[in-house]
Amino acid sequence: MGLRNATWTNNTRLRTLITDALFLLPAFVVFAVFFAYPVISSFYFSLTKWDGINPELKFIGLANFQKLMGDRHFWTALRNTFRYAILVTVIQNVLGLILALAVTSKVYRGFRVLFLVPPLLSSIAIGSIWSYMYAPNGAVNSLLTLAGLEGLAQDWLGNPRLALYSLVVANIWKWTGMAMIIYLAGIQAIPKTIHEAASIDGVDVWQRFRHVTFPLIAPAFTINVVLSMIGSLKVFDIIYIMTQGGPGRATESITTYIFSRAFEANKFGYGTAIAVVMFAIILALSLIQLHFLTRREVRA
Amino acid sequence: MSVKAQLLASRLASALTVALWALFVVIPLAIMVMAAIKSPAEMAVNPFSWPQAFQWQTFQKAWEEAALARGIRNSLLLTSISLLFLVLFGASAAYPIARRTRWAPVFYFFLAGIMVPFQLAMLPLYRLMKLFSLINTYQGVIFIYVAVSLPMVIFLYSGFIKGINSELEDAALVDGAGPFRMFWTIIFPLLKPVTSTVIIMNIMSLWNDFFIALLFLPKKEMRTLQLSIFSFKGQYNSKLNLIMAAVILSILPMVIVFLALQKQFVQGIAGGAVKG
Amino acid sequence: MKLRWLIASLLVTLLALSACAAPAPPAAEAPAASQEEAAPAEEAAPAEEAKSEEAMEPVVLEFYHWFGADLGETTIKEINDRFHEENPNVTVEFETADTGTYEQVINTRLAADDAPDIFGVFPGTKFHPKAKAGFLMDLSDQPWVDNLLDGAKVVALYQGKVMTMPIDQNVIGVIYNKQIFADLGLEVPTTWDEFLQVSEAIKEAGIAPMALGLKSAWVTQLIPYAMAPSAIYRDMPDFDAKMYAGEASFVDSPWAQMMADYLDLRDRGYFNDSPLGTDYNLSTDLMASGDAAMLVQGNWALASLRDKAPDIEWGMFPLPYVQPGQDIWVSAAVGGTITISASTEHPEEAKAYLAFWARPDIMELYLTQKRAFPAFKNLNPELDPAAAEMLPPLEVGSYPFLDQNWPPGVQGVMLEGIQSVFAGEMTVEEMLQEMDAAWAENAE
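Protein chains in written order, with my numbering: chain A, 1 to 300; chain B, 1001 to 1276; chain C, 2001 to 2444.
FYI, nobody ran anything at the bench for these hints, they're computed from the structure.
Ideal Cβ placement from N, Cα and C applies to all residues, glycine included.
Fair warning: there could be bad hints in the mix.
To be verified - Far from chain A by the CB rule (all over 12 Å, computed), these chain C residues:
1. E2062
2. F2094
3. N2147
4. K2242
5. D2252
6. Y2270
7. D2327
8. L2379
9. P2392
Stated by the list, open to error - Ranges between beta-carbon positions, derived for each pair:
10. B:K1219 x A:L17: 40 to 48 Å
11. C:A2205 x B:N1046: 16 to 24 Å
12. B:E1221 x A:K67: 44 to 52 Å
13. B:E1221 x C:E2057: 18 to 26 Å
14. B:N1046 x C:N2380: 34 to 42 Å
15. A:L146 x C:D2361: 54 to 62 Å
16. A:S41 x B:Q1139: 19 to 27 Å
17. A:E56 x C:N2380: 40 to 48 Å
18. B:A1019 x A:H73: 39 to 47 Å
19. C:A2201 x A:G110: 50 to 58 Å
Let the hints inform the model, and build the full structure from the sequences given.
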């Protein structure tokens, strides 16, 4: 008996292993061939002095990484990127969650689609629109003047102390609708019966959110936080189209710096080295974040 | 405060939040519309004034000069087929990852893909595409779209599958259903809200992709929507009114898709997960 | 079940939309197909007459360039169609990319050994890495080389060989609103002091003397570029050579004074409010609305100004960065060039195509559409009337855009530096030191 049982479980184990592998296979092959392989093979460029086109690559070991440590523009870019990412991640998630709770009712179906229009706009449109918004006599300053708040009018993109925050606002304008839709998916996955049971029990609104809704949308929370953090660490389009990293280097991010090194200064090897470092930083941060967030999910 | 009063208050708060955010979203969009329907001369004098003469012909001009019909057709083709593969491949790959911890290394392998800046893959990818003769082919770009977006799709699906009780599938397996049939008939239907999220999120990135299409589909007949719009951007001077008109026309198809999705997904989403 | 419906309906929606977008998809592909069919048919007839079937084998040339909306693809199409008429066996397929990403795409394609047959490179040192890597064909023996203007030829050279064909030139000057000048009784200034007086008079009339859009990084360089020919190169033509030899530096050059005068214009209130928050597009808006009277820009800006203000009469004069009695030199440079890939399978056809472009009738057609100055001798394209006002000053003397002779990487440091200086985050001295450092690091 015992023996037969053992082979039976071994068999199922093997069978699950094979079926699991078959589930994974298509995704794995496409990803490995068309993304993972090119990325990994380009890591090599970070060990070379190379202009990006010449057939001859000069291997220089870790010299690019060494140089990186002493490159103050790299550190400026890193600091800007972190500032940007933290602000965007926090504000976008708070607003996204509030919005998702607000539009849960079917009445707001049309508004949900309206809120998804900004993420649909291409960067060229975003750049022009916000250039009119932030211009010295643009919409923002005009509205402030209308409201009798001339004193608050600013040179939103021209002032190096404000430019990064102005970009954060544009980023939030563009992407909060997306955060909303992910939270909404989480909220809609909560069975109605649970909410109904809760309201019969006479639980108040805040308690219902704190103890019923929020724990159940924990996976959506994890996904949103990780995605908005990664997205804002990788931010390129919005900055490139609106300020190109300026004025000076006030809004230079890691990705705009990679671009300017690799393609404007013809230092492809160095640019790749920055990209590799950035990849390592994002990977480490995401793993830490996932570790804490999923632990919280389980506890909840 | 009674529960009823609280409910009323929360409804009011919802209405207020929606109204405020709608205002914040609409003001910049209004500028976009103004830039399209006003003449460049009028826009130069005051971007925010009510248009004296509506330049509706700008839309027609944008439609014809940028060959937007062709761009929309190409973009729809690429986006819809990529989405189909993303949903099929992504959902099925996420299932074993969500259910069995032994696949964690594979999960992190995929996950690392979300974090890579695309420029890092560009050159070797171009060589690979050339080797497979995939440059200037739709399937080549679809492969790349699927590969680049899969990590996020798997991340989304696996997160939500974890939240689904596995008793359901065990019961089905005991009943003698094969694992594949079980997955597509029992688990996958429960993933509707995530599938809608996956579709919406990927529409955003695929519909707006500029660089991959520029690099791998340069042929005029194959130009995507975004490349068509860029034909109004010059080295020094851009035709802003035509660009904005083209952008407005370009988001309309997706707004229609979203409206259609809304109807489908809101119906009977709740309840499914615990029915069994 | 519901899910199947969902996916089905999604696909149906998408397909229905694509059907709406293109009522007859086969028809859209038809022109391409018929072209392919037509080509062999057309060639069949002359082939019999010419009895040289080999020479008439159909050839497709891929042509990649960044000129987009500035020119309009219709002009390129017309040139290509006319070429096809004269060379029925050769079809040119033109593809274009936005300037911002063009370099990225072309570099990737070159590095992956997938070069287009014919493509554009930026003039001067910017194309040198491509020539050094052996991607460009030596065109020194081509018939059109002798017709190039000397100034245009210089920026097409690599190690003494002509590697690319310049097709147009641009000029930087002061574009001004003639009505405002007439109303205020102002004359075109010919010295720096007169320029300051004119600006002061405009300012007193409540108009911004100059529009400046420093938010677009490339705009920041135009005023120094317009100053440098008179301030440096007229009297020191070997300044760049000395820089390469390590015998000169930006810090100890007229650059310090140029930057001080640039900032002085700001301090006197001669620019619009917040130039750092204003981009190129908004700076042309300021000119079109009459809120500003002058704009230091290239002749390309005239196209946009005429679009935005068809009724204003525009003029153009060289920036008079000189003392009385000194010659004003103008900043003028090649804008675009066309070159041939060293690895093309059809070198003869590609050379014929370039020679076709160099023909006076084609060049004039192109330049008239582009509203640019010629790079070849003896051409009379129809210039913008305001741009034409720059022709006599050009005779006095000119020097190319500075970065065309600089090592890569210096220009980027300068653009960021000027923004930082205007933002008060950096001194002129620090900026020039950074430029010197970038030069030393990148010069070979």
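Exercise for the section: Over 12 Å to the closest beta carbon of chain A is the bar; see if K2242 of chain C clears it. Expected result: Label holds. Min Cβ-Cβ 23 Å, cutoff 12 Å.
Exercise for the section: Evaluate the given range 18 to 26 Å for the C-beta pair formed by E1221 of chain B and E2057 of chain C. Expected result: With Cβ atoms ~23 Å apart, the hint holds.
Practice task
Compute the least Cβ-Cβ separation between P2392 of chain C and chain A, then decide whether it is above 12 Å.
Solution key: holds (36 Å)
Practice task
Starting from the hint 50 to 58 Å, judge whether the C-beta atoms of A2201 of chain C and G110 of chain A obey it.
Solution key: At roughly 56 Å between Cβ atoms, G110 of chain A and A2201 of chain C fall inside 50 to 58 Å, so the hint holds.
Practice task
Starting from the hint 34 to 42 Å, judge whether the C-beta atoms of N1046 of chain B and N2380 of chain C obey it.
Solution key: Between N1046 of chain B and N2380 of chain C, where Cβ atoms are some 40 Å apart, the hint holds.
Exercise for the section: Determine whether the non-interface label on F2094 of chain C survives the test: each CB of chain A must be over 12 Å from its CB. Expected result: The claim stands: F2094 of chain C keeps its Cβ more than 12 Å from every Cβ of chain A (closest is about 22 Å).
Problem - Closest CB of chain A to the CB of N2147 of chain C still more than 12 Å away - result: With a cut-off of 12 Å, N2147 of chain C remains clear of chain A, as the shortest Cβ separation is near 30 Å.
Problem - Satisfaction of the hinted span 54 to 62 Å by the C-beta atoms belonging to L146 of chain A and D2361 of chain C - result: holds (57 Å)
Problem - Status of the stated non-contact between Y2270 of chain C and chain A (beta carbon gap over 12 Å) - result: Holds, because the least Cβ-Cβ distance between Y2270 of chain C and chain A comes to about 16 Å, which exceeds 12 Å.
Practice task
Beyond 12 Å from every chain A Cβ: check whether that's true for E2062 of chain C.
Solution key: At roughly 18 Å from the nearest Cβ of chain A, E2062 of chain C sits farther out than 12 Å, so the non-interface label holds.
Problem - Nearest-CB test (12 Å) between chain A and D2252 of chain C - result: Holds: least Cβ distance 24 Å, greater than 12 Å.
Handout entry: Cβ separation of A1019 of chain B and H73 of chain A, checked against the hinted range 39 to 47 Å
Key = This hint holds: roughly 44 Å between Cβ atoms.
Checked against the numbered hints given earlier, the structure satisfies every one of them.
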